[in-house]
Amino acid sequence: MTATPGHPHARRSRELSLLAALALILLVLGWRAPRFFSAANLADLATSLAPALVAAMGMALVILARHIDISIGSQFAVCGVVMGLVAKAGLPVPLAAGSAILAGAGLGAMNGALVAGLGLPAIVVTLATMVAWREGLRWATEGTWVRGLPESFQWLGLGQAGGRLLIVVTAAAVFALFAWGLATLRAGRAVYATGSDAEAARLLGLRPRRVVFAVFVLMGALTGLAAVLTTIQFIDVQPNAGVGLELRIIAAVVVGGVAISGGRGSSLGVLLGVLFLAVLGPALVFLGGKAHWDRALQGAIILVAVASETARRRGADHD
Amino acid sequence: MTDAASARATRALLLLLAVELAVFTVLGRNFLTLGNGFEVVRASVEVGLLALALTAVIATGGIDLSVGSLLGLCAVVFGWLAREAGVAVPVAATLAVLAGMLGGLLNGWLVASLRLPPLIVTLGTYSLYRGLAEAATGGVANYTGFPDGFLGLGQGTFLGGIPAQLPLLALAFLFFWALVHRSVVGRGLEAIGYAPEAARHAGVPVGARLRLVYVLSGTVAGVASLVYVARLGQAKADAGTGFELLAITAVVLGGTSIFGGRASVVGTLVGLFVLALLQNGLRLADQPAELAGVLTGMLLLLALALSRERKGS
Chain A
598 MTATPGHPHA
608 RRSRELSLLA
618 ALALILLVLG
628 WRAPRFFSAA
638 NLADLATSLA
648 PALVAAMGMA
658 LVILARHIDI
668 SIGSQFAVCG
678 VVMGLVAKAG
688 LPVPLAAGSA
698 ILAGAGLGAM
708 NGALVAGLGL
718 PAIVVTLATM
728 VAWREGLRWA
738 TEGTWVRGLP
748 ESFQWLGLGQ
758 AGGRLLIVVT
768 AAAVFALFAW
778 GLATLRAGRA
788 VYATGSDAEA
798 ARLLGLRPRR
808 VVFAVFVLMG
818 ALTGLAAVLT
828 TIQFIDVQPN
838 AGVGLELRII
848 AAVVVGGVAI
858 SGGRGSSLGV
868 LLGVLFLAVL
878 GPALVFLGGK
888 AHWDRALQGA
898 IILVAVASET
908 ARRRGADHD
Chain B
10 MTDAASARAT
20 RALLLLLAVE
30 LAVFTVLGRN
40 FLTLGNGFEV
50 VRASVEVGLL
60 ALALTAVIAT
70 GGIDLSVGSL
80 LGLCAVVFGW
90 LAREAGVAVP
100 VAATLAVLAG
110 MLGGLLNGWL
120 VASLRLPPLI
130 VTLGTYSLYR
140 GLAEAATGGV
150 ANYTGFPDGF
160 LGLGQGTFLG
170 GIPAQLPLLA
180 LAFLFFWALV
190 HRSVVGRGLE
200 AIGYAPEAAR
210 HAGVPVGARL
220 RLVYVLSGTV
230 AGVASLVYVA
240 RLGQAKADAG
250 TGFELLAITA
260 VVLGGTSIFG
270 GRASVVGTLV
280 GLFVLALLQN
290 GLRLADQPAE
300 LAGVLTGMLL
310 LLALALSRER
320 KGS
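Residue numbers (the numbering used here), protein chains in the order written: chain A, 598 to 916; chain B, 10 to 322.
Chain B extracted, bound-state conformation (with noise of 0.2 Å):
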């Protein structure tokens, strides 16, 4: 797809959210305000950082569905360690997102060096790291009371509302951005999941771009996992539980073709607010929550159906 077919598909997608903007002034109460406007940013950034790293992933023809498992794994780590074992805390988040970097990284070597196929790998470890956090919480654990200077991240403010975990989710933005279109890894990637073996013949070193991906979408699910046990003050084995489906989601529908070969990091932010909006809008409409999960599904479905089209055009 070309630089414009790109732009032509956020569009789209941008005059998509201007319709919820607009549908959901109307029928929601409290919506356009500043105060909720916040909100949706504070309820999405850990989805949000977990789809920015998927963009990558994606875009090298492969997928990480343990993102949402390894953020539970990593959760447990750090509550284990932050009021278990008595670590101090900056010592256990640390920790915790090295957590989330082997994981990524056990991902990396499976589809890098073994090269197994990453749907079948990270559907395994989606069960492994999931399965790994019930054991050591014994399905029960529920590690609480946290100090308040870590609960911040997640839960406090800045220059009048702005929440804490903005910044975060703007240097990962800025970071996958840059690497994906700004950087000749970037291009690399593209290219792996545009042809795997022509990029190889090209001189793309394959093997550790693709680790580091992985490994990347690893990290990032160790640092979500903090955002995510400092926003609901508690760590369980559940945490992040479908979290992997609504990143996928949003990246689809950002433009990222699922083949691989064809992103825009730019869309995935845009998707991820298309998402997070669906949902806000429609619990202040009074809506039940499973129609925004009933109207995600179909979402996806029509972005897929129409990404193929504009790919035949």
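Isolated chain A (complex conformation) (with noise of 0.2 Å):
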């Protein structure tokens, strides 16, 4: 029997076992370094989370949709210098949030155009455009930071405790509405079919094309939030950010069931595999670990989940 896109088995396994390995991290944790569940530690844990979960939502609709962008972390440097600069010319913050978002959805709208209309292949066009990106923004910003900010630019002017707030919100709800999106809309099983078999879901009368220049928008705006999400705990913008950010965020899309071919995987594996990986780095070091690591640890990580679930898939098909 072969695994369907839908298929309700597959889908919990690798969320069950997700759970378990983080289960098992928090009670090593509990016993051996109780001070990993302070309250300061759990509230910096969450926050930088948030804007993990943002935009690995966006590049979970990207991969569902069969594609892939490593373009993520270029965007997201740019989106945060954007709202610097609009925060700095004396435009309100929110606004300045907006014009990130709207400058995110407008670079994924360059990756769209390239991959939907001129039929490229997705990772050398964001491959390039990465680079393109980062090196137009190095070239624009000279590297300077951006500072001399608003007060109400730092946690929104909410002050540390209202602004963590604001972000691990706002994340939770963004993400609640993709994942309601993604498994109840018809855009939503749109990407799906997209990802599964893009002919098939032509012939059902749904438009690939569209459905895939629409996820790189989505993504590009989703970063944009990511970004604003990131760049509001600082007092100062610095162009060199999300170096490095594309591996990061597909390997938590990956480890959380995501499959690399398209159309399989849920907005719960999501979250999870953001979990995982955003509890790994700080629970090594709590072990008394080096964080040097780190990145190794990552890199395992994603051969080992990539590997699990296609053994488990080809022993689905010898059913």
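Hints were generated in silico from the structure; no laboratory data involved.
Fair warning: this is a prediction, and the values are worked out from it, not measured in the lab.
Hints are all accurate, no fakes.
Quick list of the computed label-pair ranges, beta carbon to beta carbon:
1) A:SER858 with B:ARG209: 13 to 21 Å
2) A:GLU796 with B:ALA21: 29 to 37 Å
3) B:GLU93 with A:GLY740: 32 to 40 Å
4) A:ARG806 with B:ALA207: 21 to 29 Å
5) A:ARG806 with B:ARG124: 27 to 35 Å
6) B:VAL35 with A:VAL840: 34 to 42 Å
Output of the computed footprint for chain B on chain A, the stretches with three or more beta carbons under 8 Å from beta carbons of chain B:
7) 715–723
8) 732–744
9) 840–851
Virtual Cβ for every residue (Gly too), placed ideally from N, Cα, C.
With the hints as a guide, bring both chains together as one complex.
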């Protein structure tokens, strides 16, 4: 039997094993390093996790539609600088946030047009835009940070506690909205259908190219929002932000069980994948490990996740 | 694509190279000199080696994003062995190349034996290999003080100015040209890229061929790491960062289809020099280095769009 896109058993097992792994890490932490569960540390964790969750949701959309976007780190940096510059120009901070999201949508539209419009491979298109945008930003800013932002910029003027709450609530709301849309809306199912089999989707009356364009635009906008949620945690904007973000986000999405071949994966998996990777790094430090192993471990986890996914699928094929 | 179309693509690229030469001769200081020509070659040997090996990988419809990271890991392995563990330089060099081979073997095993998608496999090892290099050095160790005899490989010259590493690039070019264009193996590689199932039915040992190209890619990354360390005189965990990007750009510019099935080793070499001249020429014309990055990205998109046009015609 073949694991169909919506195969409920296949989908739930990844989430269950992730939950188990997460529970194990938390148990070990509770035993060896209870400091991990201090309110201050959990608040730090939630604040750093929120933007990653928003960005991962966008990446999940693109991967579900059987594409990929590795320019996410450059988009993130451009959006952050746009927000800083708009705020510095004296416009209200919410407007600055809006322009960052709009800028992200614009960059996503460029990727989408090249991939969906011209039919170019997403991996190379976004490789090219990743370099072009990053270097373009370095050129434009000459590497200098955006400083002298208004008082109302950091934490949106709400103070640290209020600002953090706003960040976490925004991320949670956006995640819930997209999770609901993916599972129930026609547009959400169209993303799955396009990723499973674009030709079949077309015969069903869907428009795969429009879907692909739309997921790139959404991904850009969500990256813009992630940049907003990150940028407001600081008093300056640094143009070098987001280097290597593509790997962390793709790792979270793939670990969460979204198949790189498109059409399979759930929002809950994405959430668990983000949580797992976000906890893993700090857990390593709390348990006395070396932070330098973080990256190697992430690479190993991507490999294990994709290998186990394929092994299970093959097992299902032989049922 | 027919051979005629392939020749046309290479001609277009050569034209681009000529335009670059003309523009930078006017704009740059001391651009069109033999000395600068050798500098361009010297600076592009490492990326060139990676790009040649990648041409074979991409011919099969695969990709290897881990080559830059693997170069960094091999550089650290070599530096640690030669400077910390007190191993003789030739032995350390051999072991570093062996490390590259092992890295390639892991990629090949995951892609060919477990049949995992190359993009995600090498994205994982891209992170893994760089991470191992960082972990081994604690992110800070920088090995220097290599013997002059070794540094000559990256900084020396022979016959009145020819960079010492040029023969290595020439050798790699001949090897991959013969492999891809003049051997049964090469036919098989393009067949796999064109239609893997059909290749299997036609008797091409798909798994063995895939393992071969990834092992070659890893081995070449090990060799390139030695050239890199010898040229810069230091081995750090960040060696070769971003090289995979430049190498892939050179390959795609050269007319090799990113979907596999069609490869041009000559094109890769021309693509490499188009990129290298762009960087060098902009620097000599006092333009910011970032402009080279922006133009490289745009060139890559243009090459892609054009190759699609040609495919359609």
